[in-house]
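Student: Read top to bottom, the protein sequences are chains A and B. Numbering-wise, the numbering used here puts 134 at position 134 of the first sequence, and it's gapless, one number per residue. Numbering-wise, the numbering used here puts 105 at position 105 of the second sequence, and it's gapless, one number per residue.
Since the hints were made in silico from the structure, they are not lab data. Don't be surprised by glycine CBs; every beta carbon is placed ideally from N, CA and C. Hints may contain errors.
Counterexamples of contact, computed for chain B against chain A with all Cβ distances above 10 Å [to be verified]:
1. S45
2. F135
3. T258
4. I259
Computed, partial: chain B to chain A, Cβ under 10 Å [stated by the list, open to error]:
5. V99
6. N107
7. R112
8. R166
9. A167
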Amino acid sequence: MSVTAGAGRRWSPPPFIPNPWLRHGLTVGAAVYMALALGSLEVNWTRVVEGLGRGWQFVLAFAPPDFVSRRAEIVEGLAESLVMTVTSTVIGIAISIPVGLGAARNLAPPAVYLLCRGIVAVARTLQEVIVAILFVAMVGFGPLAGMLTLSFATIGFLSKLLAEDIEDTDPGQLEAIRATGASWLQLLDYGVQPQVMPRLIGLSLYRFDINFRESAVIGIVGAGGIGATLNTAFDRYEYDTAAAILLSIIVIVMAAEYLSGIIRRRVQ
Amino acid sequence: MAATGADGLLRLEGLAKRYPTGDEALRGVDLAVPAGQVMALIGPSGAGKSTLIRCVNRLVEPTRGRVFLGGEEVTGLGAAALRRARRRMGMIFQEFALVERLTVMENVLSGRLGYVGFWASWLRRFPPGDVEAAFRLLERVGLVEFVDKRADELSGGQRQRVGIARALVQEPQILLIDEPTASLDPKTSRQIMRLICELCEERRLAAIINIHDVGLAQMFAQRVVGLRQGQLVYDGPPAGLTPEVLTTIYGEEDWAQTIRQDDDEGPVRPRAAAEERMAGLR
Numbered sequence: 001m002s003v004t005a006g007a008g009r010r011w012s013p014p015p016f017i018p019n020p021w022l023r024h025g026l027t028v029g030a031a032v033y034m035a036l037a038l039g040s041l042e043v044n045w046t047r048v049v050e051g052l053g054r055g056w057q058f059v060l061a062f063a064p065p066d067f068v069s070r071r072a073e074i075v076e077g078l079a080e081s082l083v084m085t086v087t088s089t090v091i092g093i094a095i096s097i098p099v100g101l102g103a104a105r106n107l108a109p110p111a112v113y114l115l116c117r118g119i120v121a122v123a124r125t126l127q128e129v130i131v132a133i134l135f136v137a138m139v140g141f142g143p144l145a146g147m148l149t150l151s152f153a154t155i156g157f158l159s160k161l162l163a164e165d166i167e168d169t170d171p172g173q174l175e176a177i178r179a180t181g182a183s184w185l186q187l188l189d190y191g192v193q194p195q196v197m198p199r200l201i202g203l204s205l206y207r208f209d210i211n212f213r214e215s216a217v218i219g220i221v222g223a224g225g226i227g228a229t230l231n232t233a234f235d236r237y238e239y240d241t242a243a244a245i246l247l248s249i250i251v252i253v254m255a256a257e258y259l260s261g262i263i264r265r266r267v268q
Numbered sequence: 001m002a003a004t005g006a007d008g009l010l011r012l013e014g015l016a017k018r019y020p021t022g023d024e025a026l027r028g029v030d031l032a033v034p035a036g037q038v039m040a041l042i043g044p045s046g047a048g049k050s051t052l053i054r055c056v057n058r059l060v061e062p063t064r065g066r067v068f069l070g071g072e073e074v075t076g077l078g079a080a081a082l083r084r085a086r087r088r089m090g091m092i093f094q095e096f097a098l099v100e101r102l103t104v105m106e107n108v109l110s111g112r113l114g115y116v117g118f119w120a121s122w123l124r125r126f127p128p129g130d131v132e133a134a135f136r137l138l139e140r141v142g143l144v145e146f147v148d149k150r151a152d153e154l155s156g157g158q159r160q161r162v163g164i165a166r167a168l169v170q171e172p173q174i175l176l177i178d179e180p181t182a183s184l185d186p187k188t189s190r191q192i193m194r195l196i197c198e199l200c201e202e203r204r205l206a207a208i209i210n211i212h213d214v215g216l217a218q219m220f221a222q223r224v225v226g227l228r229q230g231q232l233v234y235d236g237p238p239a240g241l242t243p244e245v246l247t248t249i250y251g252e253e254d255w256a257q258t259i260r261q262d263d264d265e266g267p268v269r270p271r272a273a274a275e276e277r278m279a280g281l282r
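Looking at chain A on its own, in the form it has when it is part of the complex (with noise of 0.2 Å):
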């Protein structure tokens, strides 16, 4: 802090939180607990060491993947898994549009909104797996459960993406339509939908992605597709079988990212 006189004024940004104690505290705070929260994981090194073997013997297990033996199985897992997830897909976007509209602050009254915000908080809170184990105990094992759960989670994420789209659209826009005359479906059509189109479609590509990837992992609490095959596949120790089941799926999410990415692009 030695200012030489004439040397110039010195300035620094103004810190995020202006109360040095608090600043200083929560720094500390959050140090102590990191350490002692790592000291109270117990590693046990002589367990790690030998586990690293057992580890690559399973991952050994998988080499060479056996696309053949139960090459029935597979297939018909895969399709039941598409077949979920391009009906769950639909289904949750034809419902995410009326609810993701009435969850925009900008163009729901308040009543709706609250009610419109509380679906997707409900949809959004409850993880697939928790849903799907809700939904094979209400219908029963197979792909419906699947379907419905797969369903259910899309409400939340496209709902409430969609809503935030919407209420960041240009409000001049609106306005212009609403000068109009237009009634509100017409200021829908015209004012909100050009605006919120692309990313629309965007994010139902993605999460048609989404859905493909949870249907392998609902599956294996009973809601059908490719999980449910996956499933048995370890449970008869089959991990050849096990491993073809995971390059499909790779195949296939990668297959879906790359296409959506294209049709994104074009719709911009």
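Starting from the known structure of chain A, fit chain B onto it as the hints suggest.
Tutor: Quick look at chain B alone, frame taken from chain A:
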């Protein structure tokens, strides 16, 4: 000073707007605009100019006061009746407010939304008369070859022309115009103002034009109304804008360069230079 009593096409009585934030944007404005009159509304930023024209078509809901258009009270109309009333008021915006991802034609035809049903508008099946009117207006504003371009491909001046066509295809009785030239260069500004005034004359339209540029207001308007802190402080001919009046409206400043000398016709050099400088400062 105010032209109350005379029942113009548009009449405002004691119009006031207080925003939820507590800002008193308008404090009891009485104003009458007869059919066919082009009126400039000037005043400093925050004087309530935008609020005033938005209270006329109730994009902003006035807190007090009444608005009459052609004898019908606009304030107090139900939703459906308000939509019908809005058809008679065309609006033109500072940032053009075109729907960017729609084509020029869709933007112009959106001016007919108050007249057609939802399905017809959704399928873009507008009555042939509407489409013909839209084509004629696009020809009039010189953009007919751009019908299928997307609005975001146009330049500022072209966008404002589309905005003008959209307002006029409504077949309005009055235009509410919010800073039509504030996003445009000085030359385009004049062209747009000239176009607006010509169209008003052709169609005997009244217009309220919010405008920052005092020189442009004097050049094009038949009447100038000054607004300061939500109240009318001047109402008279453009020639009446003396330095004293401008000081009342805007506050103390050297106004000698701003006011349009009345030697008229053609761009007189000192005036043009002063305006260009003003425009550059915006």
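Student: So, for every hint listed, does it hold in this structure?
Tutor: A quick look at each hint next to the structure:
Interface exclusion of S45/B from chain A stands, the closest Cβ pair being 17 Å apart, more than 10 Å. Distance to chain A confirms F135/B as a non-interface residue, since its nearest Cβ pair spans about 18 Å, more than 10 Å. Interface exclusion of T258/B from chain A stands, the closest Cβ pair being 29 Å apart, more than 10 Å. A cut-off of 10 Å between C-beta atoms confirms that I259/B is not in contact with chain A; the least separation is 32 Å.
With a cut of 10 Å, the hint placing V99/B at the interface with chain A holds, because the nearest CB-to-CB distance is about 5 Å. Hint on N107/B holds. Least Cβ distance to chain A is approximately 9 Å, under the 10 Å limit. Interface hint status for R112/B: upheld, as the beta-carbon distance to the closest one in chain A is roughly 8 Å, under 10 Å. The beta carbon of R166/B is positioned within 10 Å of a beta carbon in chain A (closest approach about 7 Å), and the interface hint is therefore held.
Residue-level restraint check for A167/B holds (minimum Cβ-Cβ distance to chain A is 8 Å; threshold 10 Å).
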